[in-house]
Structures are given as C-alpha cells and as structure tokens.
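FYI, the numbering for the sequence shown is 1 to 446, going by UniProt numbering.
By construction, these hints were calculated from the structure, which means they are not laboratory data.
Any given hint could turn out to be false.
As the list claims (entries may be wrong) - Each pair of labels, with its calculated beta carbon distance range: (1) Lys363 / Asp401: 41 to 51 angstroms; (2) Asp60 / Gln158: 39 to 49 angstroms; (3) Asp89 / Arg331: 40 to 50 angstroms; (4) Arg108 / Ala292: 45 to 55 angstroms; (5) Lys144 / Arg236: 18 to 28 angstroms; (6) Asp401 / Thr203: 24 to 34 angstroms; (7) Asp241 / Arg331: 14 to 24 angstroms; (8) Ala142 / Glu291: 46 to 56 angstroms; (9) Ala157 / Gly80: 47 to 57 angstroms; (10) Ala287 / Arg236: 25 to 35 angstroms; (11) Pro222 / Ala92: 21 to 31 angstroms.
Please read all numbers here as calculations on a predicted model, not as lab measurements.
Yeah, the Cβ is synthetic: ideal placement off N, Cα and C, and Gly gets one too.
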Amino acid sequence: MSRSLVPSSGYPSRRVVLASATGAALVGTAGTGPASAQSVQSAQFVQSAQSAPGSSDTSDRHVAYREWSGRQITVGPFDGRRDHVDPFDPSATSRSYDVATWVSPVVRPGFGLTELVSSWNADTPGGSWVEVCVRGTSAGAATKEYVLGRWCRHDPAQGGAIHRTSVGGQGDAVATVYTDTLATRTGHVLDAWQLVVRLMRPTGTRETPRLRSVGAMASALPDTEHVPRSPLGRARGRVLDVPTFSQETHIGHFPQWDNGGEAWCSPTSTSMVLAYWGAGPRRDETAWVTEALPAETDPQVDFAARNVYDYTYDGAGNWPFNAAYAASRPRMRAFVTRLRSLTEAEEFIAAGIPLVTSVSFAKGELDGAGYGTNGHLMVVVGFTRSGDVVCNDPASHLVRDNAQVRGVYDREQFENVWVPHSGGIVYVIHPERHCLPRAPRHEPNW
C-alpha cells in the first residue's frame, strides 16, 4: 500500500488497521493445478547454508512465507472464458479472454492467520494479463475468493492489456482486502490458505501469459506499539553500494501517477535497488520520460512510478505491484514478506541484498529524518559497527538532492517505526541466481 510521504504528527490510519488486525489469511480445497499446457522455467535462486538467527519457535510474531516456481507451477489448458471491460478506459468495450487456472496446494502454517500479502513474477505479452486471488478456511468453513490484484506489465498506452489494479469493495463477515493486504475481521482467523491464479489470453490469439513464480506471506502479529532492540547480527560494519535517488527531485513530474515525486517513495526505493543490481530500464525504455522532461537525470524513477501504479488505489505504493515490476526486469526475482527484527534484516545485508522497508512515524520519532509520515518506504543498505541502520531514504530530509538520501538511523528507533507499524514489511529484490540467506527453520518467512 502506498505510502506517500506526508508530514504528519500521527500514524497512518489504514496501516494501523492492517498492522493491528486480529483476523487471518485464507484457504480452500486441496490440490494442485491440472495437467500442464505451459511449463515454467525453474527459478534459479538458492539459499546459503547458514541458518538465520534472530527468530525462535517461541516468538509471538508469527510469519510464514510460501512460494512456488518452476516445475511446481503447471498451468492448465485455456478452457475457460471471460468477458472483461477495463473500468479505467472510458472508450473500452468488452473483450473476450481465454482463461487458464493454476491453484496452489492448501497451506496450513500452524497458526491462525490475520493478514496475507501475495507476490508474483509473471510475463504478460501483448494483450494478456493475470488475476491473483486467495481463498481459505475459517472455523472449518470455506471463504469466498478475494482478488489480490489484476496485473499486467504495461499500461494500455504502452501496449498492455489493462490498467493494473487492486479491487475494492470485497469485504464480508470474515475478511476484507485493503488494497494489497488481505485482513480478517476482528474475531476471525484463517487456519489455511490457497492461491488461485487466472491467466488471461485474448481469445483468438497466442498472446499467452507466463507465471514464473507466485507466493504469499501470512502473518499473525501481536498488537504492540514497541519492540525491544534486537540483538546485533552478521552485518555490522557492512554497507552496500546502493545508488541514491531522491523522490523530492521528481516533485511535479507526471501528476497522473500518484501526484508526482512527492508520493513516489516506493518506486524510488524500488529503482534504487534495481540500479544496485544493474537491472533498471534501458535508455530507450525511458525515452518518453526524457522527451517530456529533458533535464531529468533519473528517468528510471518516473518509469517505475508509471509501471507500479495501481489505478484503483490511485497510488504507486502497492507492495506486490512494486515487486512484480522489479521481477519483470531481466533475470530478476522479487517478493514481499515480513521480517521479525533487524537481526533478520542483517542476514540479507550480509548476503549482499538491500531491503525496501515500510515505515511510519511522527515527526521526532526517528532522529535525523526531519519529517513525519503516515507511511513511507526506504531502503536498508547496511549497518554501522554499533548496529545502527544505514538507509537510502528517498525523502532526503525533504531536500531536492540525491546527496541527501544516505543517512544513519538509531537501531531501536528504526526498528520501532518499522516492525510495529507495517509488521516488518520488506521487498526482497535480487537476481535469480543470487543466494538468499538461510530462512529460519521455524516458520520460515522467506
């Protein structure tokens, strides 16, 4: 969900609702997808041999991530049919699609879920697109399906099929969807969940989408406003050479996408990480930016804002859409999860992987920031020897200068504007062949 930078003396009303919800995630019937009409190349990521510190089987922060990729995904035949009208195109008429479906196994993480965020890596050539849904069981009863996103890589003006979008108005007695997060109602939890992905191919064409990976993070978190300073981990003194981009230098750019740079913390953060990996857009891809703004020096940020924009949410901070955009770059992979502490975050820095983090805080709660925000994204790029957090903060102290992006934040303060507020949300963006750290054995969250 986005997280525009808005000077504030309070906390984000919607994010507080999500972070403190006492509901769950979702489930359905068992089984995998039908016989494959489309095999997916195996994902090339691996995990290192060392186990992750910083979490234990006694933690009250329940987080579990599950993903399928490669041969685990076999998509059935395109034997379904759907007529769809793009609600964001006033001249659009109904278009017919052949539909293929992949259904995940049922996942029972062993705790009652209160929230779920999905991630997917997909290719959507031509007029194709994908719809990601989740269903579950609560108190032994099956829920309905909830739509988590309708997505394609490009918007229609770039040749894409639809305007990518979350879906509002889905709430019932059990759960609802807050843009990108399924949250259960008070008094309800889900004990299992199951993803349903529908691949849409324009009828009469061979424009076939491809699902490379898909997964979801489910969680049940305590309603607390403070967490203790976490133990120091393995990344003390290590700082990754992540380029610095300020969202402030983009104020006024392309206001049709979330009012321009003032609200572009998420695509700016995603762009910094892609640039670190050398995976940002090519010059020919960003030519439309520099044609409109000849003086623009970081057109990859404008490009990202356009390509993560959620037309229902009317913002550029949809978490899965940012991950899906990052994963659409050649040989890249991305997903959204929650970490329990900065000790876990240090595992990623030690493995050479910067993290995009979701935070919120009142002015004065994060020394050195110089602002307050009802929701913001910034990149953790390293740690000092004493364990404080080195960040690329796209807000850049509200100064229009890339040189103001890099800063150091107190470890305990940062942990408390991150973990209690977004639940420790991160985007993990890395090349397919780059090793992830070993996930915790108990309730692995990556």
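Violating hint indices (sorted, rising): 1, 3, 5, 6, 9, 10, 11
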